[in-house]
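There are 2 protein chains.
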Amino acid sequence: MVDKPPITFEVVARDGDARAGILTTRRGIIETPVFMPVGTAGTVKGIRFEALEEELDARIILGNAYHLWLRPGIEVIKKCGGLHRFTGWERALLTDSGGFQVWSLGALRKITEEGTQFRSHVDGSLQFLSPEISMSVQAALGSEIVMAFDECAAGDAPADVSRQSMELTARWARRSRAEFDSLQSNALDTGQTAPTQTISGAQALFGIVQGGAHLELRRESLSRTTEIGFDGYAIGGLSVGEEKSVMWRVVTDIAPELPDAQPRYLMGVGTPEDLVEAVSRGIDMFDCVLPTRNGRTGQAFTSRGKMNVKNAQWALDTRPLDENCNCSVCKRHSRAYLRHLYLSGELLASILLTHHNLAFFLDTMRRVRQSIRSGDFNEFRREFTEGLNAFEEDKAVGNTEV
Amino acid sequence: MVDKPPITFEVVARDGDARAGILTTRRGIIETPVFMPVGTAGTVKGIRFEALEEELDARIILGNAYHLWLRPGIEVIKKCGGLHRFTGWERALLTDSGGFQVWSLGALRKITEEGTQFRSHVDGSLQFLSPEISMSVQAALGSEIVMAFDECAAGDAPADVSRQSMELTARWARRSRAEFDSLQSNALDTGQTAPTQTISGAQALFGIVQGGAHLELRRESLSRTTEIGFDGYAIGGLSVGEEKSVMWRVVTDIAPELPDAQPRYLMGVGTPEDLVEAVSRGIDMFDCVLPTRNGRTGQAFTSRGKMNVKNAQWALDTRPLDENCNCSVCKRHSRAYLRHLYLSGELLASILLTHHNLAFFLDTMRRVRQSIRSGDFNEFRREFTEGLNAFEEDKAVGNTEV
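As you go down the protein sequences, you meet chains A and B in turn. Numbering-wise (numbering that gives the first Met the number 0), the first sequence opens with residue 0 and increments by one. Numbering-wise (numbering that gives the first Met the number 0), the second sequence opens with residue 0 and increments by one.
Next up, chain A with everything else stripped away, as it sits in the complex (with noise of 0.2 Å):
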């Protein structure tokens, strides 16, 4: 058993509702806001660790119980000594529990209270997770931030649906938080660094507030779920289809009211511009496929919209995909190389739009940050939001910039 917690949290700025904080973890301290490049199966799709520590200085990212249980296994991790050291990522990681990912299997999954029956993708064979599995997963991953094991409604579930899936995630959560205490008082996770650390060698868990597009449901799983007590929460089931209205009503309602000393996640969001707006609303930690993704199919994103480098419009166009950003994509590389790249199929347009578009996302979180600090982000907030739509505007006047 360790004696200090695993992670600290300090909210040190506060501007409106928005607030900058300091994660601390014992491998390394994390500026909040935050967004964590998704790494689902051990690397985040398209770059090398180098670049994600040394250019665009990601503090935290994101692994999948799920993807990495079924792939390469839990025993071949365990045996190369954790999540860490198998990949050679040396930084925090967080790892989701596994619920959505099989929540979003669909019709292949059965759930119980026991937990959830469903086929692998990967080899279609029977598998089984439960609240307690997927804490053992998860300690044999080694990752810093541990989250519950949830169950997750349609975005348009009705009432009676998404309090089942909500009283089932509050259940769960009292299991995942009963197993993960055994766990970690066995010390049986096997990402634990060298004793000598400042911070201690355990995890955190943190716990998930579900509920669909129900207000009601939504505090009811708030006030549930920081009755078990977490290290930090996270609203989960948003940005699943619903609209996106609906994602703003339940972030603004339920944000400003998670614990104010613990962290604050909105799972699986998203734009840049929602990003900030989420911001605004009070949440600390982000995650999203977005800019890893779409970097693999060809959209940047930049301060001046969302471009497709396939356009023809770009043909000719040697000026970066950027003007605003200071990425090496954007030092070295023009919109038309891009555009030749991407038709080309070659590898590297996935490897340079991935690049500059985690760039983009991480720049923009160290300007919100450096905004609520200095008490601008109000500011900052209107000039982003503003700027996202130039692309839109070239084309509204007919000025498309060739």
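Taking lysine-lysine and the DSS-like style, the derived pairs with C-alpha atoms no more than 30 Å apart in a straight line are:
hint	chain 1	residue 1	chain 2	residue 2
1	A	K305	B	K44
2	B	K44	A	K44
3	B	K330	A	K77
4	A	K309	A	K44
5	A	K77	B	K309
6	B	K78	A	K330
7	B	K77	A	K330
8	B	K78	A	K305
9	A	K78	B	K305
10	B	K309	A	K78
11	B	K77	A	K309
12	A	K77	B	K305
13	A	K309	B	K44
14	B	K330	A	K44
15	B	K305	A	K44
16	A	K305	B	K77
17	B	K330	A	K330
18	A	K330	B	K44
19	A	K78	B	K330
20	B	K78	A	K309
Quick caveat, the hints were computed from the structure, so don't treat them as lab data.
Let chain A serve as the given structure and place chain B on it in line with the hints.
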């Protein structure tokens, strides 16, 4: 017109027929023997220029006139300021003429005295390439080293077919030289650097020795090519499906006869062992897709031989790909992780294997150069070649390293 030679070459050390030299271009100094990574479509597949420059210190890469001519097209590259500016690669470039690529289309091409008609692999359109067109394409690309437009015979072609092909190559070499000189005297090279450079702004032109497997044709081709006069000489038409013994017979016979004062380039070769063997016959320059292509298909080149990362043998192996390698991949990642990435179809598998393979090829050439300069080339060659059989020997004695 320029009055300085476009490149200079000096042999600075010899060990038997092996030579260490300094090739000076308008975009930097290249120590030979040198391996040139293949950048077919304006990108060395799967690796960023930063890695090629900073860690691997590649001084020259290849571009393919054929591919770039078809896509994005020469007008695009011209308008973007030549291939260097278009891609962002500022070091030296050698461009292949397209002769070999068109030849490799097989039944899709038709060869006449004037040139070659063929169908584009991109869109199936009918295209025509000739010595004159190839020279103007390469002038537009602005590479430091331009290759003559040649015709390649099949590795097993009978003497009369090989003779026809060799004679056509000789006539095309003369036309390449004439057109190249005309373009240069009109300063139509879009890749020119600033006029203050200490070396000429003009391109260099290399001739290509053909003649298939027939030594008498090879010798005749050599004499007809040197008679025209080029800035360097290549041996083409090898490593195209012929027996390995044929390649070595030709290289052993022809390489030492190539002009001593100019760089000698063995096109499209080869494995690490091939490179070292060809150096022992007096070759200075190489290019090959093996490190990049095999990297994408899960094969690593190491000092102990080739390894398929997907083998079950590596599932729990926490050692680096090559324990004798200092590259950033070997410093950080294990065989077990690389196997997982490859089996999961992750982009990072291609990225890391490509990086390691290029590091191994370039490091091998660095060691080759050092050994020639220190007079230890034969010892290096023996030890290096013995090492490459280690994995095979492990298997033979049942020691499979797990």
